[in-house]
Amino acid sequence: MTYDEFNHYCGSLKATTYVMQWNNSHVWKVGGKVFAIGGLSKSGEPAYIFKASDLNYHFLSEKPGYRPAPYFASRGMKWIQQFASDADQLKGGVELSVEDLNEELSYYLNESYRLVSLGLTKKKQKELGLNQGLNLK
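Offset between the sequence shown (1-based) and my numbering: plus 3.
Worth flagging that the hints you see were computed from the coordinates, not collected in a lab.
Beta carbons: idealized from backbone N, C-alpha and C, even for Gly.
Check each hint, because a few of them may be wrong.
To be verified - Label pairs and their computed distance ranges (CB to CB): (1) Ser15 x Lys36: 16 to 24 Å; (2) Leu43 x Lys126: 34 to 42 Å; (3) Thr20 x Glu102: 22 to 30 Å.
Assemble the whole structure, with the sequences as input and the hints as a guide.
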């Protein structure tokens, strides 16, 4: 996924805002809370950081092309960095296409957005028109 595709996808989600900060990283927020960051990996390639559920965090921590996000994970937060975004990344011995990788990253970005939006106060969610009509306990 390119930065343009990343920014387009994140910008398509309801009530999101964009800011460039932290060494020219592309930072996306919902309700003022970060849900996705596009930056550079150690090798200088695009890398994308997102919040993960407990299950996805443990799964992705062991998956090629993903790792606990630097800085976040060292502070006990369950954030993942996708650092291998090219089509030669392997999944169970099967080569993934760029489209498959983009679809996979889009899923995790959406999940991060959902997790962060659910962490907002009920008042803020209502103000932004988020998560209305859900039976959440």
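Status of each hint after checking the structure:
1. Ser15 x Lys36: 16 to 24 Å: At 18 Å between Cβs, range holds.
2. Leu43 x Lys126: 34 to 42 Å: 37 Å, holds
3. Thr20 x Glu102: 22 to 30 Å: 28 Å, holds
Hint compliance for this structure: every hint is met.
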